[in-house]
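In order, the protein sequence lines correspond to chains L and E.
Just so you know, we're using my numbering here: the first sequence kicks off at 1 and counts up by one.
Just so you know, we're using my numbering here: the second sequence kicks off at 1 and counts up by one.
No lab work stands behind these hints, which were simulated from the structure alone.
Non-contacting residues of chain L with respect to chain E, defined by C-beta distances greater than 12 Å in every case (computed): (1) Thr46; (2) Ser148; (3) Asp207; (4) Asp214; (5) Arg241; (6) Lys252.
The calculated lysine to aspartate or glutamate pairs, modelled on EDC-like cross-linking and capped at a C-alpha distance of 20 Å, are: (7) E/Lys327 / L/Glu87; (8) E/Lys330 / L/Glu87; (9) E/Lys327 / L/Asp91.
A virtual CB, placed ideally from N, CA and C, is assigned to each residue, including glycine.
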Amino acid sequence: MFERRHLLGLEGLTAEEITFLLDTAESFKEVSEREIKKVPTLRGRTVVNLFYESSTRTRTSFEIAAKRLSADTINLSASASSVSKGETLTDTARNLAAMRPDAIVVRHPSSGAPHLLARHVDCPIINGGDGAHEHPTQALLDLLTIRSHKGGIAGLTVAIVGDLLHSRVARSNLYGLRTMGARVRFIGPTTLVPPHFAELGAELVNDLHEGLRDADVIMMLRIQRERMNGRYFSSLDEYSRMYCLSADAVAKARKDVIILHPGPMNRGVEISSTVADGPYSVIMDQVTNGVAVRMAALYVLVGRRRGVEVASTDETDAVARDGATSGALAAEAPLRRVAMAE
Amino acid sequence: MSLPAQDAQLLITGGLVIDPVQRTQRIADVLVQGGKIAAIDTGIAAQLPARARGKGGPPTIDATGMVVAPGLVDMHVHLREPGFEYKETIATGTLAAVAGGVTSVACMANTKPVNDCPSVTRYILERAKAAQLARVFPIGAVSVQLAGEQLAEFAGMHDAGIVAVSDDGMPVMDAELMRRALECAKMFDIPVIDHAEDRTLAAGGVMHEGAVALRLGLRGIPSAAEDVMVSRDISLASLAGGHLHIAHISSAGSVAMVRQARASGIHVTAEVSPHHLWLTEEAVAGYNTNAKMAPPLRTEEDRQALRQALADGTIDTIATDHAPHHKDEKDVEFDHAANGVVGLEILLPLTLQLVHDGLVDLPTAIAKITSEPARILRLAAGRLEVGVPADLVVIDPTHEWVVSSESLLSKSKNVAFEGWKMRGRAIVTLVDGRIVYDRRPESASAAS
Chain L
1 MFERRHLLGL EGLTAEEITF LLDTAESFKE VSEREIKKVP TLRGRTVVNL
51 FYESSTRTRT SFEIAAKRLS ADTINLSASA SSVSKGETLT DTARNLAAMR
101 PDAIVVRHPS SGAPHLLARH VDCPIINGGD GAHEHPTQAL LDLLTIRSHK
151 GGIAGLTVAI VGDLLHSRVA RSNLYGLRTM GARVRFIGPT TLVPPHFAEL
201 GAELVNDLHE GLRDADVIMM LRIQRERMNG RYFSSLDEYS RMYCLSADAV
251 AKARKDVIIL HPGPMNRGVE ISSTVADGPY SVIMDQVTNG VAVRMAALYV
301 LVGRRRGVEV ASTDETDAVA RDGATSGALA AEAPLRRVAM AE
Chain E
1 MSLPAQDAQL LITGGLVIDP VQRTQRIADV LVQGGKIAAI DTGIAAQLPA
51 RARGKGGPPT IDATGMVVAP GLVDMHVHLR EPGFEYKETI ATGTLAAVAG
101 GVTSVACMAN TKPVNDCPSV TRYILERAKA AQLARVFPIG AVSVQLAGEQ
151 LAEFAGMHDA GIVAVSDDGM PVMDAELMRR ALECAKMFDI PVIDHAEDRT
201 LAAGGVMHEG AVALRLGLRG IPSAAEDVMV SRDISLASLA GGHLHIAHIS
251 SAGSVAMVRQ ARASGIHVTA EVSPHHLWLT EEAVAGYNTN AKMAPPLRTE
301 EDRQALRQAL ADGTIDTIAT DHAPHHKDEK DVEFDHAANG VVGLEILLPL
351 TLQLVHDGLV DLPTAIAKIT SEPARILRLA AGRLEVGVPA DLVVIDPTHE
401 WVVSSESLLS KSKNVAFEGW KMRGRAIVTL VDGRIVYDRR PESASAAS
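With the hints as constraints, model all of the structure from the sequences given.
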């Protein structure tokens with residue numbers, strides 16, 4: 001069940017809601033394995049990708065997800081839109097709303113920008129990453145990856161390493177993982193892992209090797225080189241010597257540990273190539289799951305709004321009449337199952 | 001006693017009259033004559049000649065069940081004029097003031113141009129005189145252009161009428177300049193009002209540093225940013241011998257240092273804002289830009305320390321830091337939103353709430369917003385005694401109302417207490433014996 005209008009973050013979502021999103025994503029994974037990777041679920045719908053920060057991976061992932069659901073997609077980036085002319089986010093939101101999109105995916109350098117947008121438009125908002133706040137679809141794809149490799153999330157120990165202070169990925173994962181019953185360790189220098197994180201439910205460890213002990217999952221965060229200006233840590237080299245994930249460090253974790261990275265990776269800085277390309281790495285699974293999770297988010301927030309019968313019968317019939325492939329018909333099966341489960 | 005009935009202009013009958021200086025209260029009538037308080041006593045109305053009591057007698061305000069207090073003094077207000085008239089003008093700001101029972105405001109120097117020279121000071125006073133509402137007492141800048149480099153013209157501004165100096169909003173980072181400011185201000189017997197915030201520690205911060213900021217992904221400002229400056233400036237006040245006034249004190253640590261400094265005889269006073277007394281960092285949840293201010297709303301522990309310090313006298317006064325901002329400056333990303341909230345119209349009920357809460361008694365609560373700020377700024381205002389100018393407010397302490405930004409008289413609507421239920425309101429406000437605001441039902445021109 002997921003009755004919320006927007007997906008602004010994982011904080012406050014229930015385990016049932018998260019499970020529902022993951023189950024829905026699971027049902028979409030198969031679509032991307034087909035020869036014709038498209039289902040008609042969001043045909044005639046418009047999804048706007050409003051990106052105020054450069055992003056290749058997330059924007060592409062959302063765009064592919066929307067297209068595989070047959071939605072029309074529009075990409076607006078900060079440099080291409082009226083942002084450079086000094087328009088406020090509120091005005092941009094109102095203008096977009098006037099064009100009646102069915103969903104807006106927003107990425108913005110300021111925490112809370114999607115919440116501001118949500119106050120000014122009617123359509124669902126999906127947070128594609130806001131400042132240092134949340135990146136819910138990234139955490140969902142991480143949860144999906146962990147769940148499919150480990151069979152579940154409850155009881156696992158997940159170590160997240162790096163610049164936790166500035167990481168929206170870490171926050172969303174913290175909320176999602178804790179809600180699903182995992183232990184979460186934040187590992188990094190105190191300047192990047194401030195003590196107040198303990199109040200949010202994380203265990204804080206400075207030493208990499210100590211923190212990785214018996215971990216089921218290791219999640220490496222990308223280090224923003226521009227932040228390593230000597231204020232948080234002496235230098236990138238020194239950081240790397242203490243926190244780069246080497247094979248030695250991985251050996252401290254459980255034998256069946258899996259390693260995640262939200263990308264893009266700084267090889268040799270926060271993760272050694274040996275590890276990144278090694279047998280524990282599930283980084284490519286994350287990317288694949290990213291599309292499924294974003295399809296699920298769009299479907300749950302947009303596709304279901306028209307009602308169960310439209311999503312599960314009318315369009316199926318329409319597709320059948322149009323002589324669609326049997327694969328496209330089959331794609332409706334998981335959707336119907338989802339719909340019936342409500 | 002002899003009653004100057006012939007010249008009586010206004011009689012306020014049957015109210016609970018507060019003397020904030022003596023910290024006393026009693027039911028009495030107040031007679032206003034020639035713009036001054038002529039008498040305070042029981043039964044003045046009964047003693048008036050029959051002729052005066054009937055038609056042609058003095059206009060009467062029936063204050064039965066009400067509180068009669070000196071007009072409030074708010075020593076920390078941004079009137080925005082000159083330069084930012086789209087946020088507030090001296091006319092709209094002083095209208096909001098008198099509607100809230102405030103008859104004296106001290107206005108900060110961060111206008112455009114900055115009040116760092118006598119001509120700007122005189123301009124502000126002229127505009128205030130033209131508005132004919134609350135009294136306005138300009139605060140001059142500490143440094144030219146608030147740039148923190150060169151002292152402003154204290155002597156000239158003092159001649160023109162400033163009552164204090166402050167670089168509010170632009171904390172003085174240069175310790176030596178602060179020392180010299182304290183030394184110079186001492187010559188004119190005016191306080192240096194200190195926005196105590198270390199700008200290197202606060203850099204980029206938009207709310208209190210702590211678990212809530214981490215949760216919201218917002219950059220924090222630690223309490224230490226205030227504490228280190230309060231500590232530094234107490235040392236400098238001790239060195240220079242001047243009067244240091246800490247504006248909008250917000251942290252438990254700063255409060256403790258002020259308490260200790262006062263105990264050791266250093267001339268330090270302090271004010272607290274209503275929002276720091278009532279709100280915490282939690283108010284930011286949902287990226288509420290009307291909970292963004294400098295210094296930031298802090299923790300419940302800090303809030304309790306502030307309330308305690310107000311009760312024990314460590315904090316002298318409640319001052320609003322009335323900071324009007326246009327909607328367009330608040331309806332933006334939290335990172336980019338302007339700091340501050342309006343406060344002139346909620347100062348009185350939130351101060352009375354401290355009495356309802358049992359934190360202080362009524363005369364003390366009233367003193368915190370009348371005689372105490374007047375003492376800090378060496379103003380003649382904030383008293384209710386025979387012979388002083390009749391700046392008065394008649395308060396209905398039971399009047400319940402709900403804060404609605406749209407009904408505020410301030411030009412800007414950025415209030416932190418939207419939807420809050422308030423108890424107590426200014427019903428009639430007088431300056432120099434003249435009614436400048438009247439909320440009585442029979443008054444047709446309540447908001448004129």
